[in-house]
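**Student:** Take the sequences, apply the hints, and build the full model.
Quick note, the sequences are listed as chains A and B, same order. Per the numbering used here, residue 349 is the first one in the first sequence, and the count goes up by one each step. Per the numbering used here, residue 4 is the first one in the second sequence, and the count goes up by one each step.
Be aware that a few hints might be false.
BS3-like mimics (lysine-lysine), calculated; alpha carbons at most 25 Å apart, straight line [claimed, not checked]:
no. : chain 1 : residue 1 : chain 2 : residue 2
1   : A       : Lys384    : A       : Lys506
2   : A       : Lys443    : A       : Lys506
3   : B       : Lys25     : B       : Lys211
4   : A       : Lys384    : A       : Lys442
5   : A       : Lys443    : B       : Lys76
6   : A       : Lys442    : B       : Lys25
Honestly, the hints are just simulated from the structure, not real lab data.
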Amino acid sequence: MAHDSLPFIFLDAFLINNLVLALFLGLCPFMGVSSKLKTAIPMGAAVMFVMLVASTCAYGINALLVRFDIEYLRLISYIAVIASAVQLVEMTVKKFSPTLFRMLGIFLPLITTNCAILGMALFQTFRDYSFSQSITYSVGSGAGFSLALILMAGMREKLDLADVPGISSGAAAAFMLAGLLSLAFMGFAGLGG
Amino acid sequence: MSATSSKDKPMTATTFTEGLWKENPVFVMLLGLCPALAVSNTAVNALAMGVASTFVLLGSSLLISLLRNLIPKQVRIASYIIIIATFVTAVDYIIHALSLELYNALGAFIQLIVVNCAILGRAEAYASKHKVGHALVNGFGMGLGFTLALVLVGGVREILGFGTLFGVSLFGAQFQPWAVFILPPGGFFVLSFWLVVFAAVRRNRERKEAAHGA
Chain A
349 MAHDSLPFIF LDAFLINNLV LALFLGLCPF MGVSSKLKTA IPMGAAVMFV MLVASTCAYG
409 INALLVRFDI EYLRLISYIA VIASAVQLVE MTVKKFSPTL FRMLGIFLPL ITTNCAILGM
469 ALFQTFRDYS FSQSITYSVG SGAGFSLALI LMAGMREKLD LADVPGISSG AAAAFMLAGL
529 LSLAFMGFAG LGG
Chain B
4 MSATSSKDKP MTATTFTEGL WKENPVFVML LGLCPALAVS NTAVNALAMG VASTFVLLGS
64 SLLISLLRNL IPKQVRIASY IIIIATFVTA VDYIIHALSL ELYNALGAFI QLIVVNCAIL
124 GRAEAYASKH KVGHALVNGF GMGLGFTLAL VLVGGVREIL GFGTLFGVSL FGAQFQPWAV
184 FILPPGGFFV LSFWLVVFAA VRRNRERKEA AHGA
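**Tutor:** Structure (structure tokens):
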């Protein structure tokens with residue numbers, strides 16, 4: 349597969365260079381919301397949606413910035429777009445599922461500072477992706493984030509029942525688990541040529 | 004510091020040191036983890052990232068503390084983010100000008116300082132509520148704590164993964180590099196190890212204090 353073909357871009361973002369497990373982006377929500385499957389799935393969906401919106405807007409904004417030669421405003425404008433998209437998601441979730449809104453708690457507005465989203469928008473700019481490539485990349489990234497989150501949540505639910513030495517319980521054990529998951533994902537390196 | 008701040012709580016050593024140990028952003032509060040793992044494969048990268056973040060932390064603490072009475076409460080997070088983004092853009096250009104090699108090694112992660120929750124957390128929890136002097140000292144302590152954490156993680160990863168520390172060979176030519184520590188999983192493992200160490204030290208101290216009290 350060529351490296352700029354759409355299926356490869358998707359696979360690359362989804363498995364090979366998984367945002368969370370290979371690039372260490374979005375660790376805060378990854379650690380914060382992955383203790384229960386029930387919250388991990390909606391969180392993944394919310395992040396995926398914000399990524400799609402952010403990627404579309406980032407592509408347009410970047411074209412404008414380059415046109416007027418004011419690229420130093422890129423970071424500020426990207427962040428503003430992401431914050432607005434998150435606000436939109438927050439209002440939607442609050443309206444349609446107050447229960448879910450309470451379960452996600454502080455982590456919903458914190459999607460703004462989810463580096464996975466800004467990271468994805470920056471990577472797509474640095475790699476000069478076309479519009480369709482950008483969209484594919486954002487869907488792949490969002491799916492990859494959700495996959496990591498859901499896998500992690502499944503394992504942490506089991507970990508709750510395990511007998512872990514008190515001193516390494518909680519965050520330390522969760523990071524060890526993430527390391528093992530990341531090790532497993534290393535196996536995807538080289539996939540697709 | 005100006006005379007008007009004398010009504011404030013006096014600045015104590017803890018204003019500075021709490022960021023280093025008791026409230027270390029990475030090891031205790033679990034903030035700013037993404038850069039702590041992503042660019043900590045060598046001690047040099049880790050140090051550079053720490054210094055860059057400290058600069059942003061100092062700059063944004065100063066400005067946010069100065070503007071704390073002017074920023075309306077409703078739009079404070081957005082204002083903080085924009086202030087932080089401004090400093091990050093500056094740092095990005097400075098590093099680009101100073102060392103192209105470092106710039107390429109850190110890549111997009113310089114710009115990603117903007118979403119480092121340790122910095123936004125400081126802005127919200129401290130700089131927006133304290134005088135400039137306090138905010139600066141506290142920000143500097145936090146920045147040093149963050150740098151310390153990064154170098155601790157980066158140092159271990161570099162020693163095990165390359166057999167070097169700050170580029171200096173430690174074990175001679177026959178050392179077999181433990182490549183997994185340079186790769187992403189190594190970052191998680193080393194961080195997990197340091198979390199256990201910090202938890203152990205904290206528990207020991209609590210035990211001692213309890214024994215003294217009894």
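**Student:** If a hint holds in the structure, say so; if it doesn't, say that too.
**Tutor:** Each hint tested on the structure:
no. : hint                  : verdict
1   : A:Lys384 <-> A:Lys506 : 10 Å, holds
2   : A:Lys443 <-> A:Lys506 : 33 Å, violated
3   : B:Lys25 <-> B:Lys211  : 16 Å, holds
4   : A:Lys384 <-> A:Lys442 : 20 Å, holds
5   : A:Lys443 <-> B:Lys76  : 24 Å, holds
6   : A:Lys442 <-> B:Lys25  : 36 Å, violated
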